[in-house]
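With the sequences and hints as input, model every part of the structure.
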Amino acid sequence: MAQLPAGHVPLIQSLLRWLRSSPRPIPDSAWQRTCQRTAWLRGLPPERVQRLRVLSAAFLHDKTITPIGGLQLGDDDAVLIAALCCLPLLELGEVGLRGWSQVLVYPEGFIVPQSEMDEDGVLHEWEEEAIGQVSHNGPLLLSWHDVQAELEHPHEGACVVVHEMAHRIDVLDGVLDGTPPLPRAWQQQWAADFQQAFDALCAQVDAGVETVIDPYAAEAPDEFFAVATEYHFSAPDVLEAEMPVVAGHLRRFYGAPPAFGLRTDC
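In this text, residue positions in the sequence shown follow the numbering used here: the first is 42, and each later residue adds one.
Bear in mind the hints are in silico, worked out from the structure with no lab data behind them. Some clues are possibly wrong.
Simulated DEER-style distance windows between Cβ atoms [what the hints assert, rightly or not]:
1. 250 / 135: 40 to 50 angstroms
2. 161 / 71: 52 to 62 angstroms
3. 74 / 196: 20 to 30 angstroms
4. 226 / 74: 38 to 48 angstroms
We treat Cβ as the ideally placed atom computed from N, Cα and C, and that holds for glycine.
Here you go:
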């Protein structure tokens with residue numbers, strides 16, 4: 042192709058935007074293999090599976106998935122990660138993908154630096170091992186070992202990808218506080234109901250009572266929301282039994298959880 046003169050740069054930019062405007066559909070065979078690996082997808086009705094497939098294609102179009110530390114990921118692995126990231130976005134849509142661009146996937150858990158300022162103004166710094174992490178506009182970090190382990194035990198209330206995406210959703214309104222963007226009246230009721238459930242869980246944990254819900258949910262309101270989101274998708278019956286009001290809000294926000302008795306070929 043002959044080189045265009047400088048005056049055609051805007052035309053080139055417009056052409057590039059047009060070429061990037063439509064995500065490439067996920068091939069049928071790749072999507073079928075993803076469904077076979079993921080009980081959460083097989084528990085969705087066909088119309089929601091198709092919506093998830095379209096969202097996943099948009100995810101792969103917009104995001105970069107980068108393996109770290111010698112990890113090797115194939116195309117099917119990228120489709121799997123995209124589908125899990127988009128699972129909590131079935132009702133919210135592509136707005137949940139805004140503001141960040143990359144997924145970093147570690148072979149196993151990884152070390153992240155932590156810091157906190159105490160009441161006396163002293164900064165405390167330490168390191169913790171994590172299996173997932175997000176920052177406001179930074180990449181989403183995942184442990185591939187834990188992603189795979191949770192796929193093998195899909196009904197135990199754990200899904201690190203969904204957990205981290207809940208944080209992404211939470212912060213869409215600019216505040217990481219356990220309350221995603223909602224209409225005002227619903228937001229007020231959500232905040233009140235989640236606070237009551239959070240306080241009850243914290244009281245149990247503080248009293249040394251063994252809880253059915255993962256006690257990590259008592260760390261902070263944002264972690265409570267993220268852990269509850271994990272249960273919505275992977276152990277909805279447990280969440281309904283333990284926290285029916287919270288479960289009701291999440292059904293309204295995310296749509297119905299996967300029906301694990303349902304088998305679909307996606």
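List, from low to high, the hint numbers that the structure doesn't satisfy.
-> none
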